[in-house]
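Participant: Model the full assembly from the supplied sequences, consistent with the hints where possible.
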Amino acid sequence: MKRKLIVLCAIFLYACESDDNTQPEQPEDPYGKGVIVVNEGNFTDNNGTLTFLPASTQNITYDVFLKENNQSLTGGISGYGEVNGKGIILVDNSGAGQDKIEIVNAGTFKLEATIPSAEIENPREVVKAGETKAYVTAWDATGSWPDTYINPGYIAVLDLTSNKLTKKIPVQHGAQSIVIVGSEAFVGNIYSGKTIITVVDINTDAVKQTIEAGADPNVIGVDANNKLWVYAGGALKKINPSSKVIESTVTLNPASAGQSPGKFVLSHDKKTLYFTLSAYDENWNEIGQVYSTSVDVNTINATTPLIRKVFYGMATDPETGTIYGGLVPSFKQAGYVFRYQPTGTLIDSVKAEIAPSKFFFRK
Amino acid sequence: MTTKGLSGFIGLLSLGSILCFCGEAIAQKELTLCEVEVKGIRPERFMTGQKIREVDSTDLARNRFSTLADFLQFQAPVAFKSYGAGQLATISFRGTSAGHTALLWNGVNINFPSLGQTDFSTIPLTGFDEMSIQYGSAASCVGTDAVGGSIQLRSLPDFKTEGLQLMAALRAETSENFSGQAGLRFHHPLAGGRKLSGKTLLYGSSIRNNFGTEPITRKGKTLPVEPIHTRQAGAVQDLYYMNAKGDLLSLNLWFTDNDLAVQPEVMMLREITRTRAYRGSLSYQLGKTLLRTAYIRDITDYGKGENLNPSHTQIDRYILRAEHDLSWIRDCNKGTNLKLGAETVYFNALVDGYGGIRKTETRLDLYALLRHQFSARLSSSLNLRQAWVTGYNPPFTPSLGLEYILVKNDRNRVILPVSVARSYRVPTLNERYWEVLGNPDIQPETGFNKEAGLVWQHKFSEATQTRAGMTVFHNLIDNWTYWNPEKNYRVENLQQVLSKGLELETSVQSRIEKIRLTLQAQYTLTHASQQKEYGAYTRDIIGKQLVYVPRHAISSTISATRKAWSMDIQQQFNSKRYITFDHSGQPYMPFYLMNLRLGYEKRIQKRILNTALQVNNVTDVLYPNQKKNAMPMRSVALSIMIGNF
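As they're listed, the protein sequences go chains A and B. Quick note on numbering: our numbering labels position 228 of the first sequence as 228, and the sequence is numbered without any gaps. Quick note on numbering: our numbering labels position 533 of the second sequence as 533, and the sequence is numbered without any gaps.
Hints in this document: simulated from the structure, not taken from any laboratory. One should not assume that every hint holds.
What the hints assert, rightly or not - Listed below are the simulated DSS-like cross-link pairs for lysine-lysine, each with C-alpha atoms no more than 25 Å apart in a straight line:
#: 1; chain 1: A; residue 1: K110; chain 2: A; residue 2: K128
#: 2; chain 1: A; residue 1: K363; chain 2: A; residue 2: K110
#: 3; chain 1: B; residue 1: K219; chain 2: A; residue 2: K309
#: 4; chain 1: B; residue 1: K487; chain 2: A; residue 2: K332
#: 5; chain 1: A; residue 1: K110; chain 2: B; residue 2: K487
#: 6; chain 1: A; residue 1: K351; chain 2: B; residue 2: K219
Facilitator: This is how it looks when you write it as structure tokens:
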């Protein structure tokens, strides 16, 4: 390859030189403000990646980890978070015993440490749980369907000073969604049929209590009224994070019968809840839209969609309120990120990588 | 890919070309009409105009410890999707997908009916006596799956050597792979010119493929290692009885058991796939009539974790076939052969994924294979096939082939083969019956393959013969099924794929003083791509090379024998392979693979002692499997075989 380049340069000498001259100096910290797109990858291809969308320019960087470390991430990517100037990448390989967590310098994306496979299995989500601490939810080893969630889930406690996994806090089977409220973490689960939310004290890393919430609770976030939104047992619920009491169940009337809700996400000001409603038509096409509702209501009548698309992953920019939607045409070709104003007006769409599913907004 | 390795490889290839352009056993095709008239004619003889490569028993014996996947990967344009050594390996023939190659054992399609494909890592070369690789679509009587090509495996009686011969063989490889085989062959002449012969073979292996547990790094690239343990066991029992008139009664039994454990040491992470196949065939060749009954049972169990509660698949097939040959022979160079046949298969499937409902179906195939030889130079064949499946009617699939010998003299022969063929693939049982995701209304895939070639055989001397061949092909496959992720992986007839390409091959057989040298090499240029838009984002993939299909593939096998010593070099080069349809992300880099084998064979009276030292992946190349784990690195194997004792 190098030799080919030299030959090309010899032929087009002038062009090569001028190219070199116009190349800008590499900044010290190439990855500043912007969005990290978590591209999940295709299941057995183990080709998850991170895409960097800078806030100020159009210069998208694909597969940031490969670019900076000259090696690929070795699995699907189930999450990304930042704590103490470090990026935490959850690598979920399709093979059992091959998952890991890569810890990179958040500014340069150079690899700093790896939490090896022996210590983590099926990591799902990562959140900041302190100045130098991250919580990672994990399923542990799975069995074959339908007995998939045979082991209790756990929270892996990461210390981002030593870059070590310091503790595993056992929680319910299928542990997945996690939201930090004050000094507590609220942990939900998927698919295992468990009905509790586990509350963990992030100072002591110990389970404080559980909340009976309904099957497969998905913990969404805390709204402007300081209510914790949860989707559990097929219904939206508002929980008082202090008393741990379910204060109300929100009735959701879909636009048409048979639609299922999903992809719940709060707006940047926490006053609006976005979600999708979708169903499969007779030809098995997933038809769906994005709706929005005020967090003050206790009945949602989904009538007019905000966006006439259904996304694989959705998030809002905590500063601007821009809605990000990850569109997956197929797990065997690059997906797209659609950006909308909070009003639902399309801003643009950019090509990402395989299955853009989550977004991390860097300040 | 190492540049050094590639240049060495090219060097070896050009050495081959200087020695000659080259030659290959097409002896069977050269029989005159008079010679083949006696009994039923093998279906391959009706494949006029098609490319066939015969792999004889010597080749198979040398690779007795290999699986079909190990062996065929050195036979471009066959590419494999391998999930790792000792793990699932599926075939891609001329750019088509795994379900587009018919695997036939004694004429019976043994592709696993739920998936419509075969795991080639579970088929050892020792399970049969002869193999032919048939390129293109017209390749089998009962035509489903023969879209890209077909592989024919045959069991054959040995009526040459009288008496009882025993054999035993062992192989040990540094990567903790061990294999053993033991068996016997006998031929017992009976009174009145009748003959009895048979073969019994037991084999087993334990494959750990141990290259440590740490990720492997070569030239700045790192790939993880997946621990596995595969245990294979099998038994072959063949019995043949021939009467004085030459009528042959054959009983062939073949049992294979393949038990794969991923993460075998960690109970919690363990993943088990066990496949077992029971295959039996009873045939009676009575003059020009063949009657055959066969039974196949395929079982798969898959489970994960500590408390294995495996999902279970069991599919039984009952097969009946009758064939009759007719011939009108004017002279040795002019005449007509006609083979008329019918086959019926009854399927009985118990698959957990079908919702606990037993699925049964009956298939009927009728075929008429017609071969007409106009003269010593021109022959043709017209094959007509029609299948009926319960609730389904695959298309009528005719094929037409022509072969013209342009030049024919003492030293040269130039042949022009041309063929056009329609092909089809009956949707697999999973595609139709899998709960929710399957689609009972799915259509059969259809293909239309056209190919033309030019073959030059040249005899430099009695000692040196060569053959060079070129083939261009164009295969358009419509209604290609796809488990569509956009529709939650429901299966659909979404795609239309065009696979076209150019194949060059050359072979040399030479004797230089006491050295016998054979070389064969193939180069393939394949472009296989999606043609039709079927969704808002498919424009990103139209016309782009399909996933896992290398554009350029080169393979070669060189063998040299001098007295008791022999040496084989197997080489393979694959260009870049994409893993996404739109070519985004990181493709699999080109790789070059070389295996080296040194053999020593001592004969003491009739007894044979054969030892071989084999180095696999000589250049220690790091390349990925389907799951992006490291494929086997360099390993050394020692094998010993004693025979005829």
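Participant: Against the 25 Å threshold, does the CA-CA distance of A:K110 and A:K128 hold or violate the hint?
Facilitator: Holds, because 20 Å separates the two Cα atoms, which is no more than 25 Å.
Participant: Next pair to validate is B:K487 with A:K332; report whether the Cα-Cα distance is within 25 Å.
Facilitator: holds (14 Å)
Participant: Are the Cα atoms of B:K219 and A:K309 separated by 25 Å or less?
Facilitator: Not OK: B:K219 and A:K309 at ~45 Å, beyond 25 Å, violated.
Participant: Hint check: A:K110 vs B:K487, CA-CA at most 25 Å. Holds or violated?
Facilitator: Measuring from Cα to Cα gives roughly 38 Å; hence the hint is violated.
Participant: Under the criterion that the straight-line Cα-Cα distance not exceed 25 Å, is the pair A:K351, B:K219 satisfied?
Facilitator: Violated, at about 31 Å.
Participant: Keeping to a limit of 25 Å between CA atoms, is the pair of A:K363 and A:K110 held or broken?
Facilitator: The given pair, whose Cα atoms are some 19 Å apart, holds under the 25 Å limit.
Violation of the numbered hints given earlier is confined to hints 3, 5 and 6; the remaining hints are satisfied by the structure.
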